[in-house]
Amino acid sequence: MLNIKTIDDATISQRVYQLNLGPQHPSTHGVMHLLLTLDGEVVVKIEPIIGYSHRGHEKMAENRIYEQFLPNPARMDYLSGMIFNHGYCMAVEKLCGIEVPRRAEYIRVITSELNRIASHFIGTMDYAMGLGAITPFLWGWDDRENILDLLEMISGSRLTYSYGRFGGVRNDITKEFYDGTRKFIDRLRSRFWDYENLINQNVIFIKRSRDVGVITTEDALAFGVTGPTLRGSGVKYDVRKNEPYSAYPEFKFEIPTRKEGDCLARYQVRMAELEQSINIIEQALDHLPPGPVRAKVPRFVTPPEGDCYVTFESARGAAGFYIVSDGTRVPYRIKVRAPSFSNLFVLTKICPGHFLADIVAIFGSIDVTVPEIDR
Amino acid sequence: MNITQLPYIKDVYGFLGSDVMSGLVGLLIIAALVPLNVAFLVLVERKVAGHIQLRPGPMEVGPHGILQTLIDAVKLLGKEMVTPSSTDKLLYWLSPIIVVAPAFVGFIPLPFSPLVQIKDVNVGFLLIFSFSSIGVISILMGGWASNNKYSLIGAVRSVAQNVAYEIPLLLATMPIILMTNTFKLGEIAQAQAQSGLWFIFYQPIAAIIFFIATTAETNRAPFDLVEGESELVSGFHTEYTGMRFSLFFLAEYTNMVIAAALFTTFFLGGWHGPVLPGAVWFFAKTYFLLFVVMWIRWTYPRIRFDQLMNFAWKILIPIALVNLFITAIVLKVL
Amino acid sequence: MLTAGQKKLLVELKSSLAESVPEGQISESDYAAKGYHLDVRLQKGGVRRVAQIMLDRRFILETVTAVDFIDSFELVYLYSTYYQQQVRLLVRIRIAKDAQPYSVSAIYPGAIWLEREVYDFFGIRFQEHPDLKRIINPDEADYFPLLKNFGKTKFTDQIDDILC
Amino acid sequence: MEVKGSPICMPSKGFQVESKEIPGVVGFAPVQDLLNLARVNALWPLTFGIACCAIEMMAAGVARFDWDRFGIIPRGTPRQSDVMVVAGTIPHKLVSTIQTLYDQMPAPKYVIAMGNCAISGGPFSYDGQYAIVNGADKIIPVDVYIPGCPPRPEALLQGFIKIQTKMTKGIIDANRRAEKAARRAKK
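Chains L, B, G and W are the protein sequences, given in the same order.
Going left to right, the first sequence walks through residues 378 to 752 as this note's numbering numbers them.
Going left to right, the second sequence walks through residues 1349 to 1682 as this note's numbering numbers them.
Going left to right, the third sequence walks through residues 1399 to 1562 as this note's numbering numbers them.
Going left to right, the fourth sequence walks through residues 192 to 378 as this note's numbering numbers them.
This is chain L alone, in the form it adopts within the complex (with noise of 0.2 Å):
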């Protein structure tokens, strides 16, 4: 890598020119926009300009009732919708103190862990397409049609659930969806295979990514990092695994991590996770325990005054809710910690000194949604 510290002010001055990867752009997946400081091709200074799909959610949060409230999880990380939905019913769960029986927690792991399985497909698979590769897209996405077939059946929606309930889910998982989820993980078993050729040993694909874009732990700790941005610089950090919330617990899975921190390890802890994802889906759908789906529930719930925080683990990283109840129905105030809000900001620390084309490539592996930023 160029090293930008031996140019020193005086030339930088002259040569350097500000380029808009502006909000509309086919790389900058969404409505992102990055002011680069370039010295011909190699970026001095970046600065992601964030703000362009921001729909005020936590102001609608303070005048609407905890359950008008359902719909906007999934609308601010649409990839991974299901875990914000059933993450924001968790939120009020364990401010109301609402026990959720088994056989819910169980359907909320495997719709959530399909949701993980769809939204890395698309992380991935962009990340491919940013460095020019465009099959691997359209591949993704065939394996994602599957799921967001299953999803649909069960929640109705392919893309903004609403599928959890206070207590609960909706409601039950079909005898077709049981069947439809065996068949789809045997499927999906025998595409590993496809992507492993088309794009994991692809010589192109690795000298493009290896070594680009390295965060390092300090960074990750300094930048508040977490996800498989975090875990594709070796540390071993999964809120399923650290902070175990609903039925996580009883299933055995590890934590993929990678130590080299560049692109390329962190593209490959996604499609580990893909594995993972897969074996916990197959453990649920084993185990899965008879009994009612959702709990006996008033039909507003009115939490008790105070506040609360919960975390899990969205696509992109630790993602929370921060409720501030007053004892009314209406929350007081409801904050979102957005994973993609801190991975993002990393990006001023570890781009300066790499190539135009690097850019897009670290910007994909780091798998953002711009709304979830936004919020």
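Hints were generated in silico from the structure; no laboratory data involved.
Every value quoted in this text rests on a predicted model; they were computed, and no experiment measured them.
Note that beta-carbon positions come from the ideal geometry of N, C-alpha and C, so glycine has one too.
Each hint should be verified, as a subset may be incorrect.
Here are some chain B residues pointing at chain L (derived, C-beta under 7 Å) [unchecked claim]: (1) K1395; (2) L1402; (3) P1404; (4) E1577; (5) S1578; (6) W1643; (7) W1646; (8) I1651.
Here are the computed lysine-lysine pairs in the BS3-like style, where the Cα-Cα straight-line distance is at most 25 Å [to be verified]: (9) L:K422 - B:K1497; (10) L:K618 - G:K1432; (11) G:K1442 - L:K471; (12) G:K1546 - G:K1531; (13) L:K726 - L:K422; (14) G:K1432 - L:K673.
With the hints as your guide, set chains B, G and W onto chain L.
For chains B, G and W alone, kept in the frame of chain L given last:
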């Protein structure tokens, strides 16, 4: 050998059989062949891309989507020709024209079959390469004139890329010239037909280097940094609309056809083939090579700019030089 | 059901926090109900001192946020660690509406954006912040949206009309 | 009402395209029809996805709902695109970007407002909303609205087909000419 050189033609048809007329007829054929070729290739590219990506590709226009490119061209004709105010008007307007001209000229020396060849120019091989570098100038002009940072980066990249890959290209073809000691493409094809053995068996390394260098020369596949969608929006033709954009498209695909045709002439024995007439073999080999180029495009990601440069200067050129050196020695000894 | 390691870490944390921030009340809270182990309530300041202790023990700063209690703001800092045991710490400090707290961005670079977001939504200006400007709302916006007196906020007594 | 077998996104029976005769429209019918036919079968949308609807737009371009069948290639630059698909919520910060993009597109351009957010602000429009513009038609003229949050990829494809029916019947051009005539008359 050219159809007009047959002895009786000149006195039977008088002026009609003269070189000037055959040149004119040849140019007419090119003017018809090239756009048809491009239309067919764009459709094949979208169909190949579709089938590789598990989807059918264009289906609605004509039976099985055959007329899709024709409709694209008509639509682009109907588009408004936007000339952004901040552009350098003359260069902006001139660049699509200059990019197409060398693409047409490249077809003249190509030996489609023993009789069918527009003009067996005695410096045929040099003619094609010199005109192809004019195409690069027009890309630079287009990128610079459209006053857009993305197109400027794309244009500057295209100049560096073409300069870096012109040298291994020429070094890879030198052994062929040494073996047949002629620049006339017709005679090179003739030499392979007589000896029966294609030059690819004599010069496998040169063939590989030639193939890589031509893919990079025509900004295709893993080397398409000039028009890298995911980084530079659309590279140098970001600001071009309507027919001007399609002229750039036309030039890119024609250069691809010329590159594949050159590869078949140099290494795959041009029109030499057992049963079928010459031209059929020539076009079969050319279109197979074009399919391989498209196939590579839809499986490989794009390489980075410094890797592109290192690959050319540090790997391709030394190997090409060594190969040339060995060929010279072997020819001297034999 | 805290593990032994967590208990030891909590005790050690409480002691170091107590001697560095004497006037703060440190109370242990029930993780199952609240989601965090320690609840540190600061009075006059010491946010940066707490941040320095947290960084030395390799905690990450998860979020910085504020809650508008009509007459005063409550700044909330959430620290959690994943290196040794899983412990989460919530630090709150009540500040007046026009107070200017110190920024912790010198210790945690990640806080630059978190504090910019708090400024963007609440108008709390942080001192010694590298570039305090709006991050999410349009730059020319003159309003601070998440204040209780901005726009239409349904207070507790207007519950009936939202029963849809 | 028992609906058997009718696919979900078929237009309701009451939907007819009224193509009343617009007075004073002089056009070379055959050339105009050929150009319209060409424009219809080669609609190049601008890849401009804002939020969740962008994912459904990408899904429309993927193997299962493949829009390449209709000759649709997404283009990165506004200069080479005909249709702008506004897919997602429009915050105030994005308004100027959308307008500049719309102005940069060459002449025969159309706009599809995809999803409730682009039609009317969708789930995020309430009387206390400070962040978003309630609908894309407040900033750029919209030709086709596709309801849904997010609409299914088939709905987006039907939106494209609806724009194709509109274009081939020349209604859009006629409306624009009628508006221009009305404005000139008012002046």
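Check: Are there hints from earlier that the structure breaks, and if so, what are their numbers?
Finding: 1, 3, 6 and 11
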